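Participant: Sequence lines, in order, name chains A and B. For the numbering used here, add 7 to where a residue sits in the first sequence, where the first one is 1. For the numbering used here, add 99 to where a residue sits in the second sequence, where the first one is 1.
Treat the hints with care, since some could be wrong.
[Claimed, not checked] A short list of chain B residues far from chain A (calculated; beta carbon distances all over 12 angstroms):
hint, residue
1, Glu124
2, Glu157
3, Asp198
4, Ala209
5, Arg222
6, Ala229
7, Glu234
8, Ile259
9, Arg268
10, Thr319
11, Lys322
12, Gly329
13, Arg337
[To be verified] Examples of chain B residues lying across from chain A (beta carbon under 7 angstroms, computed):
hint, residue
14, Leu122
15, Arg176
16, Asp182
17, Val226
[As the list claims (entries may be wrong)] Pair ranges (Cβ atoms, derived):
hint, chain 1, residue 1, chain 2, residue 2, range
18, B, Ala272, A, His339, 51 to 59 angstroms
19, B, Thr288, A, Glu266, 50 to 58 angstroms
20, A, His339, B, Glu141, 21 to 29 angstroms
21, B, Lys225, A, Arg401, 37 to 45 angstroms
22, B, Pro123, A, Gly505, 53 to 61 angstroms
23, B, Ala261, A, Arg144, 47 to 55 angstroms
24, B, Ala261, A, Arg66, 32 to 40 angstroms
25, A, Val408, B, Ala121, 38 to 46 angstroms
26, B, Gly326, A, Arg419, 24 to 32 angstroms
Since the hints were derived computationally from the structure, they do not count as laboratory data. All figures in this text were calculated on a predicted structure; none of them were measured in a lab. C-beta atoms are modelled at their ideal positions from N, C-alpha and C, and glycine is treated no differently.
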Amino acid sequence: MIPPLGLETAMPRLACLAVPLFPLAARLRSEPELTREALAILEGNGQAARVVASTRAARAAGVRPGLSLPQARALCPKLAVRTRDGTCERAAQEALLEIADGFSPRVEDAGDGVAYVDLGSLDRRYPGAAGEVSLGRDLAQAGEARSLPVRVGIASSKLAARVAAGLPGSPVIVPAGEEALFLAPLPLARLAPHLEISGTLERWGLSSIGDFARLAPAEVASRLGRTGSDLHAIARGLDARPLVPREPPPSFEEGMSLEWPLASLEPFLFVGRAALERLCRRLEGAGLACLRLELDLGLEPEGHLRRAIDLPAPTRDAKTLLALLRLDLEAHPPGAPVVGFLVRAHPDRPREAQLSLLGPAALSPDRLATTLARLFALLGAERVGSPSPVDRHRPEASALVAFAPPPPPDVRPAPHGGRGLLGVRVLRPPLSIEVLTGGDRPAAETPLEVRPVIRDDGERRPEIRGTVRVASGPWALEDGWWTDDPADREYWDVELAGGGVYRLFRDRRTGDWFADGIYD
Amino acid sequence: MLHAVRSAEIDLPAFPPPARTALPEALRARVRSAREIGRRREREPLPTGVPALDRLLEGGLPRGELVEVLGARSSGRLSLVLDVLAAATAAGESAALVDLGDHLDPGQAAAAGCDLARLLWVRPQKVEHALAAVEMLLGAGFQLVVVDLGLPPVRGGRGIEAGWLRLARAADAQGAALLVSAPYRASGTAAAAVLELDRGPVHWLRSGSALLGGLGGSLTLEKRRGGATGRHAGISWRTAESPLAPPLPEPCGEGVDFDLRARASA
C-alpha cells in the first residue's frame, strides 16, 4: 500500500497546459495552411537532421520522430519540411502563457509548450469537480481560439497535472489527494525522464512510480540523497516544487524564419500581415494596444535591420500596423533579401472614454488611434496633431502636440455666438515680393505698389500684386536675436486697389520684402 | 391547420403611454421608437456661432451634408471657419481642420475661441491627400470636419467630383457636418448647400495713422438642396489687435448691407 499522505488538502490545485508536438504546433500556428499537408519538423543540420514532429498526414505515411530527411522522403515523397524555428516557438509559448494569464495572475512558464496555472483564485467561478472540468474545457477552447491545440490536466501537484495533460481525453482531472494513486501505475520514466536515477531504480527492480512510492522514505533518503528523497515525495503525490509565477513580458513578439529569401515587398507583407494579426489578437486578449512597433529583419546572408515606428496613440488594428510597415519599408528598403523577421509590439493601455448620455458624443479611442496612425502614415507625423501656440513673436511659428481631446462635457452647453475676430491666413513660408516705396509720402518707406517675385522653382504660390490703397505701419518685430536665425522685421498692413488686405514685412537686415499673411 | 389572424381581431392590451415624454429634452431627441427606426432621422443642425450663417442655413451646419463656402481673398472665409470651429469645440465636440494651404495660426484660433485641445489640425499637401484624410476623419467619428482649400492655385486642383461625392456619403453615414472652404467651386454636385462670401469694404480706423479695424461683407446662399436660394446676410469681423477698434454692430437683417468705413469716420 502507498503510505497515506495527510497533506493533500493543503496543496493548491494546479492546471497544466501542454501543447502536444509543440515544435509542429508552433509552426502550424504561423503557417496554418500546412495543417492538412504532410509536414515534418526537423532539428539539426545536414545529415544529422532528424524529424522531431510530423503532421497526421505524414504520420499516416510512416514518418516518425527520429527519421532522417532521406528516410522520411523515401516514405513520403511529397513531404513538406520545415526546420525548428525558435522565433515561432517563442511566440507560441508566449501565446500559451497569455492564454493562462487570461484565467489566473499566477502562471509559470515551464517552456516547450508547457505552462502551469495556479487555480487558487478560481474556486468561486469554477467550484467543485464539475467546475474543474468546465475550467479545463474553457482553457482548451481558449487555446483553440489562439490556434494552439492545448491539453489540460488538473491536479494538486505539478507532476500529476503534467502527466494528466499528456493523456488523451483532455481535460483530465486528478481529484485532490489521489495524485499518488493516479501516478502509481505509470512507468518510472515519467517521474524524472532527464535524471539517471530512473535507471538506478529500474535496476533495483522497480517498474512503476507506485513501486517507488511504497519504499520507506528514510531508506530512500539514505540511499539516494536529497534528489531521491524529493522524487520519492513527488511519487507519493507530494510535489514540493512551488509554482514560480512569471513576470509579464515588456513586449509582445511574433515572427518566423522564412524558408526562402524574400526580395520583394508584397510577399513579405503577406506573411507579415498574418504575424501582425496574431500579435493584435494577443494584445487584445491582454487588454493592451501597440504604442511602438519594432521590426527586426534577418537579411541574407548575415545582415540585420531594425526599424521602429512610434504610433500617435495605442492601437491594435492590424491593417493600420501593416500600412505603417509598408510605408516604412517603402521609404527604407532593407537592401537585401529577407530570411526572417520579428515584429515586436511595445504595449500600452488603450485610451478609454466614458460615453455621455446627454453631452456630445466622445470619439471612440480605438477608432481615433487607428485614424491618427493612418494619417501619420499618409501625411507624416509632423502634419497631424493638435495646434499649439509657441512662445515666439513670428506669426508663422506654430507647433503640434499629440491630439488627445478631453472628455466631452456631461451636458451639452448652450450654443453661443462667435467672437467675430478677423483672422489672418498665414503664408508659410513668407512670400517673397517686391515693394515700391515713395519718398514723397509722409513716411519715407510707405509701400506704393506690390509685385510678385517670379521664381522658376516649379512651385505655384499665390500671387500678390497691385497698387497700395491704404498702408498702416510700420510696426517693429524683433525675435530670437540671441539665436542663429534672428528676425528683425518692419510690418505693414496694406490694402491693395484690386482688393485684399495683406500683412507685409521688410527684413531690416537685408531690406527684402515679404508677405506673411492675408487678412481673411 | 394554421389560420391567419388579423391583428385587429386580437384583443390587445392598452398601449402604455410613451416613455419618451418623461425624459429630459436632450435625451428625448436621441430616443427612437421601434416604428421610427426605418425612417430617416431628423438631425439637429450644428450651430456655427456665426449668426448670418445660422440664419441662412436655418439653424447651423446640417449634419450629414456637405456645405461649401466660397470666397475670394479677404472675404472673411478663414474668419468664418475659425468661428465655426470655435463654436463646435466650445460646445465640447471634437473637430478636425484639414488645412491644405497650411494657413492656420494657432494663436489666432485660440483667440477666436477655439478649444485647441479638441481641434485636430491636419496639413496635407495635395488635394487627394486632403480628401483621403477627410474620409478617415469622418470614419473616426468627428462630428465636424472642415476642409480649407486655401488660396488659388489650389495644390492639386479641385479634386475629382467622385471623391467629393464619396465624402458627402461618408458624412451622411456618420451624421457629421462637413464644411468645405474654397476659393472657387470644388465639390460640384456633392454640396448640399453653397454659400458665397462677397468682400465688402475694409474698415480702417484713423487716429493719427491708419489702423486696420475689420472687414465687412455679405454672405449669399447660392445653392440649397430642397430649399430656397438667393438670400443673403451681412457679415463682419473686427481685428483683435486694435484697442481702438469699436465692437462692430451685429449683422443687419437679411439683404441689408452696411459700410464700415462710413461708420468709422462717423
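Participant: Determine which of the earlier numbered hints do not hold for this structure and return their numbers in increasing order.
Facilitator: 1, 3, 4, 5, 6, 7, 13, 14, 17, 18, 20, 21 and 24
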